[in-house]
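Chemist: With the sequences and hints as input, model every part of the structure.
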Amino acid sequence: MFEMLWRKLRLAHQRKKTPVSRSRRDLSPNLEANLTAFQEELGASPDLIIRRLTLGPRPGSAGALIYIDGLIDKQVVNQDVLLPLLNEGNWGKGQDVTDLLGYVAQSILAVGEMQTETELRQVVQGLLAGDTILLVDGQAAALLLSTKGWDKRAIQEPEAEQIIQGPHEGFTENLRTNTALLRRKIATAGLHFEEMKLGQRTQTAIAIAYLKGVVNEKLVEEVRLRLKRINIDYILDANYLQEFISDAPFSLFPTLTFTERPDVVAAKLLEGRVAIFVDGTPVVNTVPALLVENFQSPDDYNFPYYYATMIRWFRYLSFSLAVLAPALFVALGSYHQELIPTPLMITLKTATEGTPFPLAIEVVMMGLVFEILREAGVRLARPFGQTISIVGALVIGEAAVTAGLVGAPTIIVIALTAITTFVVPGLLGPGIFLRLIYTILGGVLGAYGILTGMLFTLLHLASLRSFGVPYLAPLAPVIPADLKDVLVRAPIWALRTRPRLIGWPRPQRQPFGFAVDEEEKGEDGHDKG
Amino acid sequence: MTKANDAGRRRLWWKKSLWLLLLFIMVFTSGCWDRRELENLAVVLGMGLNHTPGGEGYEVSFQIVRAAQIKSPGVSSGGGEKMRPFWILRSSGPTVFEAIRNATFQSSRRLFLSHSQVLVINEAVAREGLTPALDFFIRDHEPRLSLWLLLTAEDPVQIFDASAGLEMVSSQAISDLLQQYHLTSKIRPVRLAEYVRLIMAKTTANTLPVIRTIENAGKKEFYFEGTGVIKGDKLVGFLDPIETRGLLWVLGEVQGGVITFDVPGKKGKATLEIFTSSSTVTVQVKADKIHVKIEVQVRSGLGNQTTYTDLSTPDQFKKLETRQAEVIKGEIEAALAKAREYGADIFGFGQQLYGHDNRAWQRLAADWERHFREATVEIKVKAVLVELGLTTRPVLD
Amino acid sequence: MIILIVLVFLGLFLYEAPGLVAEEYWRELAVFTLLLLLGLFLSILLASGVELPYVESVWLDLFTGLKKGL
Amino acid sequence: MDKERISPRQLTFLVISFTIGSWIVLPSGIEAWQNLWLIMFLSLGQGLGFAYLALLLFRRHPGKTLFEIHEIVYGPLFGKLFSLLFLWFFLQTGAGALAVFVTLLKTTVFTTTPDLALLIPWVIIVVYGCRRGIEVIARSNEPLVLATIGLIIASVFLVLNIFERENLLPLFNLPLSAVLWNSLGIAVFPFGQNVLFLMLLPKVNQPQKVMGAVFRGMVLAGLLLSLLQFLAVGVLGKVGELFVFPTYEFYRMINIGEVLTRLELIPLLNFLTMGFIKIMLCVYTMAVGTAQLFNLRAVQPLFFPLGILILLLTRQIYPSISLHLQYIKDVQPYFGLFFCLLLPLLTLGMSFLRGGPQREMAS
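Chains as they are written, first to last, in numbering that gives the first Met the number 0: chain Y, 0 to 528; chain W, 0 to 396; chain B, 0 to 69; chain D, 0 to 362.
The hints are simulated quantities; they were obtained by calculation from the structure and are not laboratory data. Given the structure is predicted, the values throughout are model-derived calculations rather than measurements. Honestly, I wouldn't trust all of these hints.
With a straight-line cut-off of 25 Å between C-alpha atoms, the simulated DSS-like cross-links for lysine-lysine are [what the hints assert, rightly or not]:
#1 K328/D with K67/B
#2 K328/D with K66/B
#3 K237/D with K201/W
#4 K217/Y with K2/D
#5 K379/W with K318/W
#6 K328/W with K265/W
#7 K379/W with K292/W
#8 K147/Y with K73/Y
#9 K237/D with K230/W
#10 K318/W with K265/W
#11 K201/W with K288/W
#12 K268/W with K381/W
#13 K285/W with K201/W
#14 K379/W with K285/W
#15 K233/W with K237/D
Modeler: Right under this line is the structure:
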């Protein structure tokens, strides 16, 4: 026992040391040596373009322009880099410069963003990020010209988060585009971005965004800290980060929210949250996350409050149905028949007469069938997807009932859950899991089993925190002031305070009421999403 | 939260998985003792209680739904003769519970009593005392207190066997019918809960509706007629429908029905429809003599007339009202006379006293039967006619 | 049955003890083990069919005895 | 561990659920059935008195749990002895509540399921919750209490059609002695048990608000129970006396248009959650107490063994419900009085005898 423990501890210790820092290597003054070094580093990749050229006033010194095909904007490189460099007239005034690179940078190139680097690895990094490198023989430095430009997707409405009214734009895979989208929403100097690179091999750019003055500084510090602690090989999506920095890595429930919508992120920042952008993915995480956020949709704030409130209630109802309906059905059908009104009971009995399996098995089985059909429908190419749904719905459901394998009520319940699950997309995973567990519990111990499961879930949820904020807030602990945006969706002018536990450094959004004389509306267009 | 180091996290991990494991062990080890599948239940809709032919024990009869027969009767399983949608089962035993359990020998499925709606009790059982017979239904968790209690002189099976009319199962029909008692107000439906409540009131006597079968066009049909009076827990006598309504007037439970009488001074009858009625009963004790004041208020409307006179004039209305009050008073008096005859306080005068003058009740309760018989009862009926229907006078007058 | 009980208790011990040892919580370990052993003892007694007194009947007897004594 | 803090409002909520706990299912003082809802107010007064005395103790020794106070007042040896007594009290309270729930479940729904199948899952989640700490217990308690309050208030509307004023009569038909005796029984059984909170008070983040919080909780719980009794009597009348679990029976009577009927399972589960909190608090308090008894630094490892003990004791609380009813009638008032009034009073007296406000070194 002790030995095992000791071994584990030692392993953990070793783990900590693993990030190997490669030896630092500086550029040499010799151009050829540098070029060889580059080729060594990157291999003989065909997309590595090395364009030799002569720089400076006659006779000039040898130089090279290096870039990676596909990562740069050819237009920029040709027009703004190559053309000025090759135009002999440009060199007229620089007859006696010693620092050729500096002169080029200062007076010749028509590129906005550039920097000088002396270390090989940094230069290679820049190269791989889409910079164009300018090397000059005799100088142990390189000029990194920002000529990034690659094919990217246009701004579209995210498919997973459709809304009816409101802005129809979504984030793209490009970090810069995304930050710009956010800037367009919040035009205040308080919007700060901080960038860092994560992932040993992918060197993915990560940006955190927050609204200074509204955000709790400690929260930003905590986010920074957690991000820095990450030691990972590669990051391809926001979820990679999320599994690292989430408070409860084993929980079914997500303690970070994700969205592809700039308006949602803007609203969250305005509540005092922090957003985490990951380059290469349109998904943006915001923290701290609360359970109730999953039940809020941007449309809630784009529609009149009474309608939004009603819709929100339907969402709560749908989620409870999605999670509980099969379990309750099983519990009622195989334990608590006395609770069913008599006529319904007789109808149910007629419908299930002669089915061979216990109700619990029937429901779990049909539930699995449905999940598989759904997964198949998602993965398959669209034309196949339709076939799948027809086969699934008609053949399996209908035939199973006529063959007497399952009762028709089971199919109805499964169909109901199938639809209601999708009303709250943020909790799709937990919903399916809980449904399965509750159904089994309901089949084993009836309503008592379901209650045990629900208490377990409640305790678990109550023990969760997301970046210090209780996950169940404002329901447990109850925060009456915040219920205005949870139980109902109060009119926008009444949503005058930010969520207590998140926006406490600046709790008030605006003075109460809908008086027009305060022209503060610009800042508080809408609330969370 | 964040201070957990790597080793800690790993330990956390297997601890967490252990919790899940525990949950699953719990799920799969504890298992399904009380599970009873819907399709394996024999849903009992009605129960009957009788003495075994020999004597001592009880014979319980059940009316069980045959669910398969209810399902789309048109497309029933290819050509086989159509079975009735229920099954009648009898079993007997020394106590009710044992009789019910003995039914398991005959039924392939477990009897499920929670949905039973009516309990038909044979008069012989009622005459011997209902407490031992009904104890099971109160004690056990399956039958409900909302069970309707009925008395019958016949074998309860006859009732279940009767035609159910528009319903599938006669028990369901009886239950539905009892809930519409106010259309006639000539029976007093009693749920098990009400029965227990009155039994516990000690001085109050219970009443149970009486059901019997009649032959109608070659078919048996059930029919309600009158009320059985249960003194203590034993059946002592019956009230006819009119007396039953007399009882209902006093209890303030007449919520409908019609009342027919001769139009004063004219040849022919008038039928009034009762809309609402209410009653106030005050019981006073003076020198250990009981004075009861019953005030009944009735609102009704003219529903039918067989005279050729115009009854819609105010003074005709007045006359009708007085006449109606007299008739109601007569009904109450008839009920009172019967109750005095049986010495059974079916009106709950004792209960009234118990609530309002508990000391007096405690003094008198021991000899309540005598006090009840000797009580002076003052009846006041205030009848108001408020409606005429759609016409004023008869077509031809 | 008894084997199952012992297994359960052993499992609980293994679940809890390493953490305590790692943090050098010796007193906690002692009390924990003590309570666990008490539980084990009682469950084995119950499982093997020994009739243990019922708490409330003990109190009832005690109080009726006291009342009579007074 | 010790950094956990609960707010006064959470304390109020905990007091509510602890008080409602198992009484709601199996009321004491059933002889006074028809007047129970009135007697409740009397008991509430007495209970508040007891609580005031106990809270005086806390006020004299702020920031100290009952067990620490024992050691200060009686010295280490006797202090531990008293603490052991209380440990037993908590154990029996928790096990008693659990036993009542198991009996209820077994007589109503799960007639053939063995006790253990019902107990083990319950104890597992109790231990799970306790391990998460008092903060989590307090947090998850909040929605549960709100749900219960909501249900009790909703019942007012559900029973409107079967509620009969006549059933409430007669009022005050009991001899004074019976009234007093039954009110005492209620004062010690649901209200007096709150002495347990003396172990948790140091965890409240605003100590000056503790007294108000506890009183508010008790009064609210008292009002809720009284309301429920009022409804139950109005619906069941005298018949309620007959039943072992009158509240359950009362919900069985609900019938709105033959559709909203057979609701008994909902309140049953709802009250089960209150009992759940109660049992969890008992286990948690026992662990905290044991830790203080043995000067332990960590409470975590104690929950499993204590959970097992409570499970075993639950099976050994009473052989049958009839004995328990007898116990409630004959023993519980004395038993409760001893722990809820006499012992705290004795400690308070001793504390005063020892003179002056105790200025213990901040250890």
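Chemist: Under the constraints set out in the numbered hints, which ones does this structure not fulfil?
Modeler: The structure breaks none of the hints.
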